[in-house]
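Asker: Just so you know, the sequences run in chain order A and B. The working numbering puts the first residue of the first sequence at -8, with every later residue one more than the last. The working numbering puts the first residue of the second sequence at 5, with every later residue one more than the last.
No lab work stands behind these hints: they were computed from the structure. Because the structure is a prediction, the values reported are computed rather than measured. Every residue, glycine too, gets a C-beta built ideally from N, C-alpha and C. Certain hints may be false.
[Unchecked claim] Below, a sample of chain A positions facing chain B; criterion: calculated Cβ distance under 7 Å:
id, residue
1, 60
2, 277
3, 283
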Amino acid sequence: MFKIHNRILLLLVTLLVVAGAALPFINFAPNRLVSGEPIALSQLPAHAWLVLCVAVFILACLALLPCRPLALLLTLLVGELTFIAILWAMGNTATQFSQQGSTLARSSPGSGLWLSLTLCLLLCTDAINRLTPKALWRLLLNIQIWVVPLALLLSGFFSDLSLLKEYANRQDVFDDALSRHLALLLGTLLPALLIGVPLGVLCYNRPGWQSSVFSVLNVIQTVPSVALFGLLIAPLAGLVKIFPWLGSLGVSGIGVAPALIALVLYALLPLVRGVVAGLQQVPRNIIESAEGMGMSRWQIFWQAEVPLALPVLLRSLRVVCVQTIGMTVIAALIGAGGFGAIIFQGLLSSALDLVLLGVIPVIALAVVLDAFFKLFISLLEEKQP
Amino acid sequence: MIEFENVSKSFQGEIAVSDLSLHIKEGEFTVLIGTSGSGKSTTLKMINRLVEHDSGRIRFAGEEIRNFDAKVLRRRMGYAIQSIGLFPHWNVAQNIATVPQLLKWPKARISARIDELLDLLGLEAAQFRDRYPHQLSGGQQQRVGVARALAADPEVLLMDEPFGALDPVTRGALQQEIIRIHQLLGRTIVLVTHDIDEALTLADRIVLMDGGQVVQQGTPLELLTRPATDFVRDFFGRSELGVRLLSLCHVAERVRTEERIAGDPISETLSLREALSLFVDRQCQQLPVVNQRGEPCGVLHFSDLVQGGKDAG
Chain A
-8 MFKIHNRILL LLVTLLVVAG AALPFINFAP NRLVSGEPIA LSQLPAHAWL VLCVAVFILA
52 CLALLPCRPL ALLLTLLVGE LTFIAILWAM GNTATQFSQQ GSTLARSSPG SGLWLSLTLC
112 LLLCTDAINR LTPKALWRLL LNIQIWVVPL ALLLSGFFSD LSLLKEYANR QDVFDDALSR
172 HLALLLGTLL PALLIGVPLG VLCYNRPGWQ SSVFSVLNVI QTVPSVALFG LLIAPLAGLV
232 KIFPWLGSLG VSGIGVAPAL IALVLYALLP LVRGVVAGLQ QVPRNIIESA EGMGMSRWQI
292 FWQAEVPLAL PVLLRSLRVV CVQTIGMTVI AALIGAGGFG AIIFQGLLSS ALDLVLLGVI
352 PVIALAVVLD AFFKLFISLL EEKQP
Chain B
5 MIEFENVSKS FQGEIAVSDL SLHIKEGEFT VLIGTSGSGK STTLKMINRL VEHDSGRIRF
65 AGEEIRNFDA KVLRRRMGYA IQSIGLFPHW NVAQNIATVP QLLKWPKARI SARIDELLDL
125 LGLEAAQFRD RYPHQLSGGQ QQRVGVARAL AADPEVLLMD EPFGALDPVT RGALQQEIIR
185 IHQLLGRTIV LVTHDIDEAL TLADRIVLMD GGQVVQQGTP LELLTRPATD FVRDFFGRSE
245 LGVRLLSLCH VAERVRTEER IAGDPISETL SLREALSLFV DRQCQQLPVV NQRGEPCGVL
305 HFSDLVQGGK DAG
């Protein structure tokens, strides 16, 4: 009888069949505000479902093979081609619908399409992780999946999709939001590092301070972000009233200033934790022998403690980065801008495509930054396991 | 070289070392031995001021050690510990270069010194220079640790149970290395251990400590044959006293040079303890002996193991 060698792949393929057969593939709506009419994969022109059937069949066969490099490469290749084929079918269908309907008509991806794209990515990532343990190779293989989709996107192949129609309508707003979002991220990380790292070093050198510093930071972390943003409005507005010159610097009760203050406060706990934990896990004996050889306190700190604590610090910086990207969305509520502004505008006007236009870049930003941190950390750790 | 004069040290009211006086001569291999908590490690760490003494005087090269800058003092002394403490993010060459770099030696001199030391410790320089500590076995790591301690040609080498974590075979090999290095370089070495056989093998002079005080000091033979108290006698083991005495003498001292017999010969550099083991193993009364060049030089009689012992005692 058959032996199932790759259970994960089989599970993903089964889900892919369910997604393709039972869930709507594309939604077609006469305009952007009404909810559309779901269209299944089987109803698509050009027998697109046949392509998916072939892919599913090959992948199911591959799940029965032992996980050798060749089988895994083939899995990656088929998964990638399926990913591209689904995207192509999406773009193609949207173009055909737009030629039939009015200019107001919108076609947007349905739940089945989103799910099958995700499943394809998951099975590619799984194949990559089984193929190589090297972080650099994993990253490169993951990046190459996106080459064709990005080329299709840039060539305007998807331009009849409602998401890209929204983008075309709001290109300036989108670009502003992107630069504002990145500015908020950098504006948070720099002060957070400048405050957090010295605070962490201080906590490490004076263990007596640790509990009080951590309890303050813990309290900040438990305040819901919306509340903290709100709480800062009154004191900042008051400050500007007393010192008008603050206002000329751009400080006010709403906008960027309270957002940055709150984001920095939230970033401090994981950052200080990371610094303290990183320094604490430097083995005692290394410090003792460094002292015994006549290194000064300063030399021990820079040449032994910092490099050995760096991987742990970077790991918490990675958490802080992803957390800040997400939380910046909420900061739009107090007028800080960024992708949150687009998302809330979409939510308030029930325009799902507009929400997605804000959400997708936020996710992409978080995933890309996370991947680069991962790569950097694993390159560092290759030297010192 | 190093003198302790009525030195005391306590940690939070707990006495670690009390009223200790000790004179470590230049070029001597001194082993501090004792049970755990006897203050031997504290004594060692007071020499390079990792632990500061409370009262009394410690002199290094004739001068009170508090008059030195701690960093300068430590750079003049090599320091090796049981857990080695190599920097995991530096390769072997960088680890060994630590103190020479602190002393701002020129690059070429450091590089030459690294090769010299790796060679001295029996590690192929070309093969080991660029390796990281995690790529080495425990024994190789400790060899690098010793090389690092010797790097800046220190006047004193301080070692805190350096071979404690190694397996018996590697430990034996490294003990032989350190004896060879001591004979070759003539450096003053102070080593802390709780392993009696290690102390007997290595020491010119043993300092037995208990409860923060010196119980007895002297050559290994003196401590075995003329124990000052019952504690010393018990410490060196009443039942194993005989074989430990044998381990201090070599075949060459008891060989009857005028005789010759046939058979599988033993080397005259073996200790009498090893010879005893060979007598029992081969079930014989006499063993042919060869010198270091492999030429026959006499016969060792089983009975001489016992008789010679009295003269030495």
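Asker: Evaluate each hint against the coordinates.
Answerer: Verification of the hints:
no.	hint	result
1	60	violated, 26 Å
2	277	holds, 5 Å
3	283	holds, 3 Å
Violated hint for the displayed structure: number 1, the only one.
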